[in-house]
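*Asks:* Sequence:
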Amino acid sequence: MASGLALTTGPRRLAYYGIVHQLLPMGAGAAGADDPVQVDGQADFLIREQRAIYQDGQDRVNFRIGSGRYLASQPFPISALGAGQFPAVMPWKGRLIPRATSFTMLAWDRKAVAGTNNLRVLHSGMKVYSTPFERARAYERAEPYRYVANFTAQDENAVGPLAANGALTGVLALDGDADFDIYAMTVLADDPRITLQVQMASTGVNWWNRAAHGLLLGATAFNAAIPAGGTPLWLPRPTRLPATGAISVDATDLSGAQNRVQVIFHGLRCSPPGGLPILMRADLGTDEEFLGNDRLTMLR
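Heads up, the sequence shown is in the working numbering, so the first residue is -15 and it goes up one at a time.
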């Protein structure tokens, strides 16, 4: 057998997801302006990282869980939440928001001179289901690979650049001879002022509750001093697509000019498709630990 990697994964009950809060705009003099989001009734939501973009970092925010619990003792500057390329990471394993709960961003204008502010926050994490939605699997071979959503006029599967303030959808069909585990995503563009929504076409599940701004996802210009390739959006747990699946990407320009965009999904091609059924071994750990759960073994 040729050199390569074998992959064994335990049962999965964690799936990547993100909640986007936004106030577009937060009004001048705002005192507790709110953006409530309802957490899915089928799964809890575990926040692992937070990222924010804004026009002025002095304005303050807090986040309310249900009717009375908060993520901070008092409002704090939105600039404390990190940025798209450099997120604020939650301590330990993150903060769990119970299913079917309202999760609300509250915002206050704290500038020396009151004014409006466009506030966007991405809480990146995972849906936590009560029971596994995928059995344990063993793959004979796992190889690093990239799938590219190509919003340009060049190369394969090109759907064309975004028109000024225009929108396009790119669909990436998997090759058919291997499942694909997505570990990270990189976004590059002429101008990162875009919004994206990613959907696993095989399940119809969106990655975010609303389209996410490119800068929240670490998007950069192609020739940025620190390009997005060095600081991709890492998923806290890989998301698996079957060999028969597809990735759908909705892209919208906010720059007001024609905009070339590439969205790159980094991961592992895993074969044979569907994997080999295995019994869960005690030494694999549990999906709740979500670190060290997947085992790679050298094949020679």
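Quick caveat, the hints were computed from the structure, so don't treat them as lab data. Idealized CB from N, CA, C, for every residue including glycine. One thing to keep in mind: the hints can contain errors.
Here are the computed lysine to any residue pairs in the SDA-like style, where the Cα-Cα straight-line distance is at most 20 Å [stated by the list, open to error]:
| id | residue 1 | residue 2 |
| --- | --- | --- |
| 1 | K95 | I37 |
| 2 | K95 | A27 |
| 3 | K111 | P20 |
| 4 | K77 | P116 |
| 5 | K95 | N46 |
| 6 | K111 | A15 |
| 7 | K77 | E127 |
| 8 | K111 | G144 |
| 9 | K95 | A15 |
| 10 | K95 | F70 |
| 11 | K111 | G25 |
| 12 | K77 | K111 |
| 13 | K111 | A64 |
| 14 | K95 | A64 |
| 15 | K77 | I37 |
| 16 | K95 | D139 |
| 17 | K111 | W218 |
Now the in silico label distances, taken between C-beta atoms and shown as ranges [what the hints assert, rightly or not]:
| id | residue 1 | residue 2 | range |
| --- | --- | --- | --- |
| 18 | N149 | F206 | 14 to 22 Å |
| 19 | G240 | R119 | 42 to 50 Å |
| 20 | S51 | P128 | 26 to 34 Å |
| 21 | Q22 | N207 | 51 to 59 Å |
| 22 | A148 | I262 | 27 to 35 Å |
*Asks:* Evaluate each hint against the coordinates.
*Replies:* Hints, verified against the model:
Pair hint K95 plus I37 holds up; C-alpha atoms about 16 Å apart against a cutoff of 20 Å. Restraint check for K95 and A27: not satisfied, since their Cα atoms lie roughly 38 Å apart, outside the 20 Å limit. Distance hint between K111 and P20 is fulfilled; the C-alpha atoms sit about 18 Å from each other, no more than 20 Å. For the proposed pair K77 and P116, the alpha carbon gap of about 19 Å is at most 20 Å, so the pair holds.
Distance hint between K95 and N46 is fulfilled; the C-alpha atoms sit about 16 Å from each other, no more than 20 Å. At roughly 31 Å between alpha-carbon atoms, K111 and A15 are farther apart than 20 Å, so this suggested pair is violated. Distance hint between K77 and E127 is unfulfilled; the C-alpha atoms sit about 28 Å from each other, more than 20 Å. For the given pair, K111 sits about 33 Å from G144 by alpha-carbon distance, which is inconsistent with the 20 Å threshold.
Restraint check: the Cα-Cα separation between K95 and A15 comes to about 12 Å, which is no more than 20 Å; the hinted pair holds. Between K95 and F70 the CA atoms are separated by roughly 24 Å; this puts the pair beyond 20 Å, and the hint is violated. Restraint check for K111 and G25: the C-alpha separation of about 10 Å stays at or below 20 Å, so the hint holds. At roughly 13 Å between alpha-carbon atoms, K77 and K111 fall within 20 Å of each other, so this suggested pair holds.
Pair hint K111 plus A64 does not hold up; C-alpha atoms about 24 Å apart against a cutoff of 20 Å. Using a Cα cut-off of 20 Å, the hinted pair K95 and A64 holds, with the two alpha carbons roughly 15 Å apart. About 24 Å separates the Cα atoms of K77 and I37, which puts this hinted pair outside 20 Å; it is violated. With a C-alpha separation of about 47 Å, the suggested pair K95 and D139 falls outside the 20 Å cut-off, and the hint is violated.
Between K111 and W218 the CA atoms are separated by roughly 16 Å; this keeps the pair inside 20 Å, and the hint holds. A hinted range of 14 to 22 Å holds for the C-beta pair N149 and F206, which are about 20 Å apart. The given range of 42 to 50 Å is respected by G240 and R119, whose C-beta atoms sit roughly 48 Å from each other. A C-beta distance of roughly 46 Å is found between S51 and P128, which places it outside the suggested range of 26 to 34 Å.
Separated by about 40 Å at the C-beta atoms, Q22 and N207 break the suggested range of 51 to 59 Å. Roughly 52 Å separates the CB atoms of A148 and I262, a value that falls outside the hinted 27 to 35 Å.
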